[in-house]
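If you want the building blocks of each chain, they are given just below.
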Amino acid sequence: MKYAETGFSLEVDLSLGRTEKVESDPRDTALYLGGQGIAAKILFERVPPDTDPFSPDNLLIFSAGLLVGTPAPGANRTVVNTFSPQTNLMSHSLFGGFFGAELKFAGYDRIIIRGKAPDLVYLYIHNDQVEIRDATHLRGKGTTETQDLLKKELKDQRVQVAAIGLAGESRVYMASIDHNHASASRGVGVIMGDKRLKAIVVRGTRDLNVARPAEMFELARALHKKMGEGDGNGDWMAVDEDDSFHHNHFAWGNARTRRKNFWSDELQERWTKWKYDHMDRQTGCFNCPKKCRNVINWPGRPRFGYKCFGKDTYHMAAFLELDFTYEILGVAQEYGLDSYSTPQVIAFALELLEAGILSDKDFPEMPADSRGRFFYLLEKIVRREGIGDVLADSVSHAAKRIGNGAEAYDHNTTKKFEQLPIKLGKLNPAYFLMIATGEKMSITQIEGSFPQDPLPTQEEREAFVSKWEAPPDEKFKQYFLNWKKRDDISDQATCEIVDWNEAMHYIDDATGLCGFVSSFRGQFGGGVAYHMNNIPQMVSHATGMDLDKERLWKTFQRIRTLVRAVNVRRGLRRKDERPPEDHWAVRNEQYEQELLSKYYEFKGWNSEGIPSRQTLEALDLAYVAEDLERRGILTADAGVAVREPAAAVK
Amino acid sequence: MKADVITKLVKEIIADIDKCTGCRACEMACSAFHAKPRYSSINPARSRIRVVTDEINDEYVPVRAGNFTRTECDGRHFYQLHGKQYSECSFCRAACPSRDFFIEPDSGLPLKCDMCEDEPPLAEPLCVTVCQPGCLTYEVRQLETEVDEIEEREAMERGLAALVKQHGIEVVVDKLKRLPKRQ
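Protein chains in written order, with our numbering: chain P, 11 to 660; chain V, 1073 to 1255.
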């Protein structure tokens, strides 16, 4: 009997119209757990590195994390992986809700999709009944509209649906995949649209077993209670109406302008009223006591749900207020557009117009006000009409297509991907490494376990550390106790902190744990439910594997290194690992490059950021080393790193 | 004749649907509790509580499995509550052919909530315990009620008549004679 996983993948070939239930290899679970871990291996083995993301040979993989569907609270992430036309690298995205659990109950750990359908289709899964069905009647329908239409058409409110909107159908690079007011961003909707897959509908009525029922349930109950009762987990932005942090410190417009005194009590009162006057309720994901999503019913707009910084991005890009975000977000989400990158693309276009690089002729009949212009460009982008066709390729690619000096306005991307609009003064070494070397294209997908800032007094630091359960090793407590000024910390400590931050995300993305109860949340207050010291036990109870902290840490290193190898094969090198040049006003190129070299060495990678043979062998990835050598990517003289990966946990 | 007064325990699960977040922890816990061995598997399709969900309508209603019914109703009521329209189905506890709620997925047999009064019984139903948003609460009320002896005797006579009709008088008398004697 299988525990925590179902032991099966669903293979779908949209070109041939064929589906097949395939038993998976239990050794993969032992080595890569599940979720992104196993997806990375599949992408490495089955998609040759010269495959165009728009080729039928590109795979689109939906994985339910290893713990999803078990009693582990907050384990509900569906992980979506493919190759992105925007970065030409591996896309990594996640969405919450109920889809992943339902997929497990239907008897599958993942869906692996290849090929392209001749016209719009949807995939219907009800346990062993799997069909590719016509979806041409859903063309142009919104994301929640599609979910609703399918539920009615199938006369089944219990199905879970993941769908693209018009943006995905139009192959907009910023297109998302949406499910239950949750969405997968960062370059996956475009591939679902390219494959002409409008939606996946899943319904499952099978048991998902756990290996050690009583122990599992007891641990799960305790964590569920802890998450629900304390304030150490979940999205605090759902309950804290003081959002001065983002508004006073993040950059507005095309990631340009800081408005340090924007926030005021009067504004907070007004915005809070807007929110509560129009909020139906707050909702949660499968088996999680937190209620991170605010469901808003704005007059004349489709009902929508948002969480976290998603409520700020549109009005900050447009120099407007919260009412504008509430007005546009329901529309944008129905189109299936990522609310992080899309507003930046629009603000970028308007900046080009102001600079004279684009002209009024590029924007026929565009309204004069910011509000009207954002709606105008939204419509152009999702239909790829006129300038919208260029902008739909995201900032970096649009800048190249426009030329005429537009590239200089592409100032907030790394690896061709829009970054959070943060412009600060002094370099923060840990953030430099995280933004430079992250391969999930967003700082939110790498930061999160070690606090962002030191506490001012020794008493506060000691009080923090005394109830800090999360650190995988005592040395992190010492680093925090001795940390007084943000940039005054040893390079060794910086490397270890970044590595720990990254470790937690890689474990979440394999297990399906939500960052708000795990990888992302510990940096704020320290009282996070899941950490290196209890995840091994949870995974062991669920799966029956005997996982300990050391083995889990090695599993992180294995998956991390494999993802790096996947991207290295597609051309990722040291030169690409640069945060936006204006991310900090004061830079020191020599120091940054030295720090980057130290971090590569710490990871067991060579000077180009390529994992060494020794590292790969130590992580049971000899097959990867052979592949990289055969392709001439890894050569004896390619670098100096010959050591095993540094073990952060003893 | 003077009627006797007895005290009944009335057990109630109250659902404050404004507080439901749709997380379905109740379904998870119910299916785990009723799994054999206990907690060994999760399967919301086996749960005896379901959150009827319609995101478009902002509808979240936890419903506990009630009685089985062979036929679906001949018409439906719709209720307008706080400006939202709810189908009668959203509140109905029946295991009924019009939907696949509360039908055991393997056997097709109906499921019914037992308030977690398995052996040993829990202090309160597990769905209530795990409901952290506070939508589900459990109440036990004591209800004093009169017992009408004549009515009770008539009810017994009706029951016996039905048994006789179904099995014949000899079988029923035989069974009665063989009932274990209790003092």
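Hints in this document: simulated from the structure, not taken from any laboratory. Wrong hints could be hidden among the right ones.
[To be verified] Computed list of lysine-lysine pairs in DSSO-like fashion (alpha-carbon distance at most 30 Å, straight line):
id: 1; chain 1: P; residue 1: Lys236; chain 2: P; residue 2: Lys162
id: 2; chain 1: V; residue 1: Lys1184; chain 2: V; residue 2: Lys1156
id: 3; chain 1: V; residue 1: Lys1156; chain 2: P; residue 2: Lys283
id: 4; chain 1: V; residue 1: Lys1080; chain 2: P; residue 2: Lys162
[Said to hold, decoys possible] Here are some of the chain P residues that sit facing chain V, going by a computed Cβ distance under 7 Å:
id: 5; residue: Pro81
id: 6; residue: Asp158
id: 7; residue: Thr215
id: 8; residue: Leu218
id: 9; residue: Pro223
id: 10; residue: Glu225
id: 11; residue: Phe227
id: 12; residue: Gly238
id: 13; residue: Gly242
id: 14; residue: Asp287
id: 15; residue: His288
id: 16; residue: Thr293
id: 17; residue: Gly294
id: 18; residue: Phe296
id: 19; residue: Lys301
Glycine included, C-beta positions come from ideal geometry on N, C-alpha and C.
A quick look at each hint next to the structure:
1. Between lysine 236 of chain P and lysine 162 of chain P the CA atoms are separated by roughly 38 Å; this puts the pair beyond 30 Å, and the hint is violated.
2. Simply put, lysine 1184 of chain V and lysine 1156 of chain V have alpha-carbon atoms about 29 Å apart, close enough for the 30 Å limit, and the pair holds.
3. Restraint check: the Cα-Cα separation between lysine 1156 of chain V and lysine 283 of chain P comes to about 22 Å, which is no more than 30 Å; the hinted pair holds.
4. With a CA separation close to 44 Å, the supplied pair lysine 1080 of chain V and lysine 162 of chain P exceeds the 30 Å bound.
5. The restraint placing proline 81 of chain P at the interface with chain V holds, with a minimum CB-CB distance near 6 Å, inside the 7 Å limit.
6. At its closest, the beta carbon of aspartate 158 of chain P sits 5 Å from a beta carbon of chain V; the interface hint therefore holds under the 7 Å criterion.
7. Because the smallest distance between the Cβ of threonine 215 of chain P and any Cβ of chain V comes to about 4 Å, under 7 Å, the interface hint for this residue holds.
8. For leucine 218 of chain P, the interface hint holds, since its Cβ comes within 7 Å of a Cβ in chain V; the closest pair sits about 5 Å apart.
9. Hint status for proline 223 of chain P: holds, given a least beta-carbon distance of 4 Å to chain V, under 7 Å.
10. Violation of the interface hint for glutamate 225 of chain P is found here, the shortest Cβ-Cβ separation to chain V being roughly 9 Å, above the 7 Å cut-off.
11. For phenylalanine 227 of chain P, the suggested interface contact is upheld, since its CB lies about 4 Å from the closest CB of chain V, less than 7 Å.
12. A distance limit of 7 Å between C-beta atoms decides the matter here; for glycine 238 of chain P the minimum to chain V is near 3 Å, and the interface restraint holds.
13. At a threshold of 7 Å, the smallest CB-CB gap from glycine 242 of chain P to chain V is about 14 Å, leaving the interface hint violated.
14. The restraint placing aspartate 287 of chain P at the interface with chain V is violated, with a minimum CB-CB distance near 14 Å, outside the 7 Å limit.
15. For histidine 288 of chain P, the suggested interface contact is broken, since its CB lies about 12 Å from the closest CB of chain V, more than 7 Å.
16. For threonine 293 of chain P, the interface hint holds, since its Cβ comes within 7 Å of a Cβ in chain V; the closest pair sits about 5 Å apart.
17. Interface hint at glycine 294 of chain P: satisfied, since its Cβ lies 4 Å from the closest Cβ of chain V, which is below the 7 Å cut-off.
18. Hint on phenylalanine 296 of chain P holds. Least Cβ distance to chain V is approximately 6 Å, under the 7 Å limit.
19. With a cut of 7 Å, the hint placing lysine 301 of chain P at the interface with chain V holds, because the nearest CB-to-CB distance is about 5 Å.
The structure does not agree with the numbered hints 1, 4, 10, 13, 14, 15 stated previously, though it agrees with the rest.
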